[in-house]
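Asker: Protein sequence lines, in the order shown, are assigned to chains Z and P. In terms of the UniProt record's numbering, the first sequence opens at residue 1 and continues consecutively. In terms of the UniProt record's numbering, the second sequence opens at residue 1 and continues consecutively.
Worth flagging that the hints you see were computed from the coordinates, not collected in a lab. There may be inaccurate statements among the hints.
A pair holds if it fits inside one copy or across any two, identical chains being indistinguishable in the list.
What the hints assert, rightly or not - Simulated crosslink set (DSS-like; lysine-lysine; CA at most 27 Å straight-line): (1) Lys240 / Lys224; (2) Lys18 / Lys192; (3) Lys18 / Lys99; (4) Lys221 / Lys209; (5) Lys228 / Lys240; (6) Lys192 / Lys138; (7) Lys209 / Lys220; (8) Lys209 / Lys18; (9) Lys221 / Lys248; (10) Lys224 / Lys248; (11) Lys236 / Lys224; (12) Lys240 / Lys220; (13) Lys209 / Lys224; (14) Lys138 / Lys99; (15) Lys240 / Lys216; (16) Lys132 / Lys99; (17) Lys132 / Lys221; (18) Lys248 / Lys228; (19) Lys209 / Lys192; (20) Lys228 / Lys18.
Number of protein chains: 2
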Amino acid sequence: MISVVILGAGNVAHHLYKAFFSSENVTVTQWYNRNIQSMRPFNNEVQLTDNLSQLIEADIYIIAVSDDAISELSQQLPFEDRLVVHTSGSVSPYDIDMKNRRGILYPLQTFSREANIDFSEVPLCIETLMRKDYDQLKELGQSISNNVKRVNSDQRASLHLAAVFVNNFTNQLFRIAHEITESQGAEFDLLKPLILETANKVQDLSPFKAQTGPAKRNDKKTIKRHLKMLDNEDHKDIYKLMTASIQKTHAPAFSIKKLKKIKKD
Amino acid sequence: MISVVILGAGNVAHHLYKAFFSSENVTVTQWYNRNIQSMRPFNNEVQLTDNLSQLIEADIYIIAVSDDAISELSQQLPFEDRLVVHTSGSVSPYDIDMKNRRGILYPLQTFSREANIDFSEVPLCIETLMRKDYDQLKELGQSISNNVKRVNSDQRASLHLAAVFVNNFTNQLFRIAHEITESQGAEFDLLKPLILETANKVQDLSPFKAQTGPAKRNDKKTIKRHLKMLDNEDHKDIYKLMTASIQKTHAPAFSIKKLKKIKKD
Ligand SMILES: NC(=O)c1ccc[n+]([C@@H]2O[C@H](COP(=O)([O-])OP(=O)(O)OC[C@H]3O[C@@H](n4cnc5c(N)ncnc54)[C@H](OP(=O)(O)O)[C@@H]3O)[C@@H](O)[C@H]2O)c1
Ligand SMILES: NC(=O)c1ccc[n+]([C@@H]2O[C@H](COP(=O)([O-])OP(=O)(O)OC[C@H]3O[C@@H](n4cnc5c(N)ncnc54)[C@H](OP(=O)(O)O)[C@@H]3O)[C@@H](O)[C@H]2O)c1
Chain Z
1 MISVVILGAG NVAHHLYKAF FSSENVTVTQ WYNRNIQSMR PFNNEVQLTD NLSQLIEADI
61 YIIAVSDDAI SELSQQLPFE DRLVVHTSGS VSPYDIDMKN RRGILYPLQT FSREANIDFS
121 EVPLCIETLM RKDYDQLKEL GQSISNNVKR VNSDQRASLH LAAVFVNNFT NQLFRIAHEI
181 TESQGAEFDL LKPLILETAN KVQDLSPFKA QTGPAKRNDK KTIKRHLKML DNEDHKDIYK
241 LMTASIQKTH APAFSIKKLK KIKKD
Chain P
1 MISVVILGAG NVAHHLYKAF FSSENVTVTQ WYNRNIQSMR PFNNEVQLTD NLSQLIEADI
61 YIIAVSDDAI SELSQQLPFE DRLVVHTSGS VSPYDIDMKN RRGILYPLQT FSREANIDFS
121 EVPLCIETLM RKDYDQLKEL GQSISNNVKR VNSDQRASLH LAAVFVNNFT NQLFRIAHEI
181 TESQGAEFDL LKPLILETAN KVQDLSPFKA QTGPAKRNDK KTIKRHLKML DNEDHKDIYK
241 LMTASIQKTH APAFSIKKLK KIKKD
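With the rest of the complex left out, here is chain Z (with noise of 0.2 Å):
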């Protein structure tokens, strides 16, 4: 049985709490926020607290504020070397007080507080500075995830970098054709299959083996024709610069000058 401590009660620390008290070998014994309230209803399950100074002991403490708070936070806490892990994808391990072994337990996911999600299936990213804290934190990992993986910080900090490319950047692409089909009166619910199927057909296929479309295909007359019915300058600088970006991949034989006439149209 591993015993942790959450500090933090945002979207992360409420999913962790929740996948921890359905896991058999973990217990939670004590959850910390600087603010109780939005804790309260667990009450009967975990002993609460919003005074640092009572935290109690345990394996693993893990630290789930904002990434500005986590350095902070790390160096208030009123003892000495207990494993410390925080949940980020992009703050160092060493801005933990080294006053405690560190380590990371970030979770490759977006977490929302109305979302319910399957945490045996997001993936765990996890390091320790010190080799002996390594297997404790894996198992903590599998007690909760089928997916926990040895990242160090660059690839982690890789992947994080990568999240906001298929997820912000990806919602924003979705906010876009949102704007483009109310403009005509044109419904952007019909764009939720293709959406779903997008995101699927990457499960199994790689991403430059799934891409179809105008630019792949370099159907001149399609671009000029979408480029026109663009009438924000945004969106047709968005449009220019994916589908250059859509050639380059794909036809790394193409003249760099076509191309960066593309762009610059």
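Assemble the complex: chain Z is given as a structure, and chain P with the ligands must be docked to it using the hints.
Answerer: Chain P with the ligands only, in chain Z's frame:
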């Protein structure tokens, strides 16, 4: 019972054929392609032909050939005043030769030969030039899909353009994420659950509400670090443009000057 003749034997034609074959309300009377080869496996189920002069009578003729070939093929049809529709998102119904009654049956999904698609969930955008043809085309659509919508040509064009954003451009963001992770020896596979969740999220939530991340939070430190990590200039440009786009969507009050600066940096 509605009888149809399918013309063309590519991705869309094959998926349509299978959907009609499974429907109780439709019979595929004949299947034409200029080259009979790829239809051979269906020889026992349906009459095949590669000869336009042998086309037999049917209620609806569906032209599912490449966009550029629709007009010419429609001119070669050896009959008049029958209902002829094509399946393209971007070709006008007026491209079909005017000797016949004309319409559109545009399936808003991405089809490839290997991938199985549940046709009942595919949005079918329909349009007919003559009012009296509408009901029959709608009945045909409803025999294979639960999601049949009347969509005029401007709306269809905007849906087709929006589909390029949510399918082709999104898939290219996945490709870039693949390159970013591989360059650090990290696994693209770890991003797959996030890719699925990103698509799932907008099934119930608007893309506006679903947005998160450094661009929306205007987390300058992270944005700067990400730009420093990207050594591919095209990926950097895409990062800047998508970040500026998100910020424009979520903070219309942002000074435009500031945004232009981010874009150009
Ligand atoms: N959300 C995701 O999708 C996601 C995914 C993977 C990793 N992460 C990482 O997980 C961590 C938590 O993210 P989140 O989304 O759960 O954040 P969140 O929902 O915004 O919650 C932030 C938490 O941090 C606390 N906090 C903020 N500033 C603090 C300070 N100065 N001192 C003490 N506590 C402070 C907040 O306390 P109050 O409740 O009192 O405001 C709250 O409990 C971050 O490192 C993030 O990078 C997030
Ligand atoms: N694929 C999609 O995801 C999708 C989605 C919605 C709508 N559409 C639309 O559906 C239509 C068909 O697309 P597809 O993806 O099925 O195409 P495809 O797989 O490339 O197949 C093209 C078909 O057109 C025939 N063809 C090409 N040029 C021809 C010509 N000059 N004369 C006669 N036949 C010719 C081909 O014959 P051969 O077999 O002899 O080469 C083949 O049967 C297009 O209008 C497309 O815009 C496609």
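Asker: If a hint holds in the structure, say so; if it does not, say that too.
Answerer: So, going through the hints one by one against the coordinates:
1. Taking the shortest Cα distances, Lys240 and Lys224 sit within 27 Å of each other both inside one copy (10 Å) and across copies (24 Å).
2. Only between protomers do Lys18 and Lys192 lie at most 27 Å apart by alpha-carbon distance; the minimum there is 23 Å, versus 30 Å within a single protomer.
3. When the C-alpha separation of Lys18 and Lys99 is checked against a cutoff of 27 Å, the pair qualifies neither within a copy, at 29 Å, nor between copies, at 66 Å.
4. For a Cα distance limit of 27 Å, the shortest separation of Lys221 from Lys209 inside one copy, 24 Å, qualifies, whereas the shortest one across copies, 35 Å, does not.
5. Taking identical chains as interchangeable, the C-alpha atoms of Lys228 and Lys240 lie at most 27 Å apart whether they share a chain (12 Å) or sit on different chains (23 Å).
6. In this homomeric assembly, Lys192 and Lys138 come within 27 Å of each other (Cα to Cα) only across copies, at 21 Å, whereas the closest approach inside a single copy is 37 Å.
7. Proximity of Lys209 to Lys220 under the C-alpha cut-off of 27 Å is restricted to the intra-copy arrangement: shortest distance 21 Å within a copy versus 35 Å between copies.
8. In this assembly of identical chains, the alpha carbons of Lys209 and Lys18 lie at most 27 Å apart only when taken from different copies (24 Å versus 38 Å within one copy).
9. Taking identical chains as interchangeable, the C-alpha atoms of Lys221 and Lys248 lie at most 27 Å apart only when both belong to the same chain, with a minimum of 19 Å there against 30 Å between chains.
10. Taking the shortest Cα distances, Lys224 and Lys248 sit within 27 Å of each other both inside one copy (18 Å) and across copies (25 Å).
11. Both within a single protomer and between protomers do Lys236 and Lys224 lie at most 27 Å apart by alpha-carbon distance, with minima of 11 Å and 25 Å respectively.
12. In this assembly of identical chains, Lys240 and Lys220 lie within 27 Å of each other by CA distance both inside one copy and across copies; the values are 12 Å within and 26 Å between.
13. When the C-alpha separation of Lys209 and Lys224 is checked against a cutoff of 27 Å, the pair qualifies only within one copy, where the shortest distance is 25 Å, while the shortest distance between copies is 32 Å.
14. In this assembly of identical chains, Lys138 and Lys99 lie within 27 Å of each other by CA distance solely inside one copy; the values are 22 Å within and 71 Å between copies.
15. Both within a single protomer and between protomers do Lys240 and Lys216 lie at most 27 Å apart by alpha-carbon distance, with minima of 13 Å and 23 Å respectively.
16. Taking CA atoms no more than 27 Å apart as the test, Lys132 paired with Lys99 passes inside one copy only; the shortest distance there is 16 Å, against 80 Å between copies.
17. In this homomeric assembly, Lys132 and Lys221 never come within 27 Å of each other (Cα to Cα): the closest approach is 61 Å inside a single copy and 33 Å across copies.
18. Taking identical chains as interchangeable, the C-alpha atoms of Lys248 and Lys228 lie at most 27 Å apart whether they share a chain (22 Å) or sit on different chains (22 Å).
19. In this assembly of identical chains, the alpha carbons of Lys209 and Lys192 lie at most 27 Å apart whether taken from the same copy (22 Å) or from different copies (16 Å).
20. Taking CA atoms no more than 27 Å apart as the test, Lys228 paired with Lys18 passes in neither setting, with 50 Å inside one copy and 36 Å between copies.
Comparing the model with each earlier hint shows violations of hints 3, 17 and 20; every other hint is respected.
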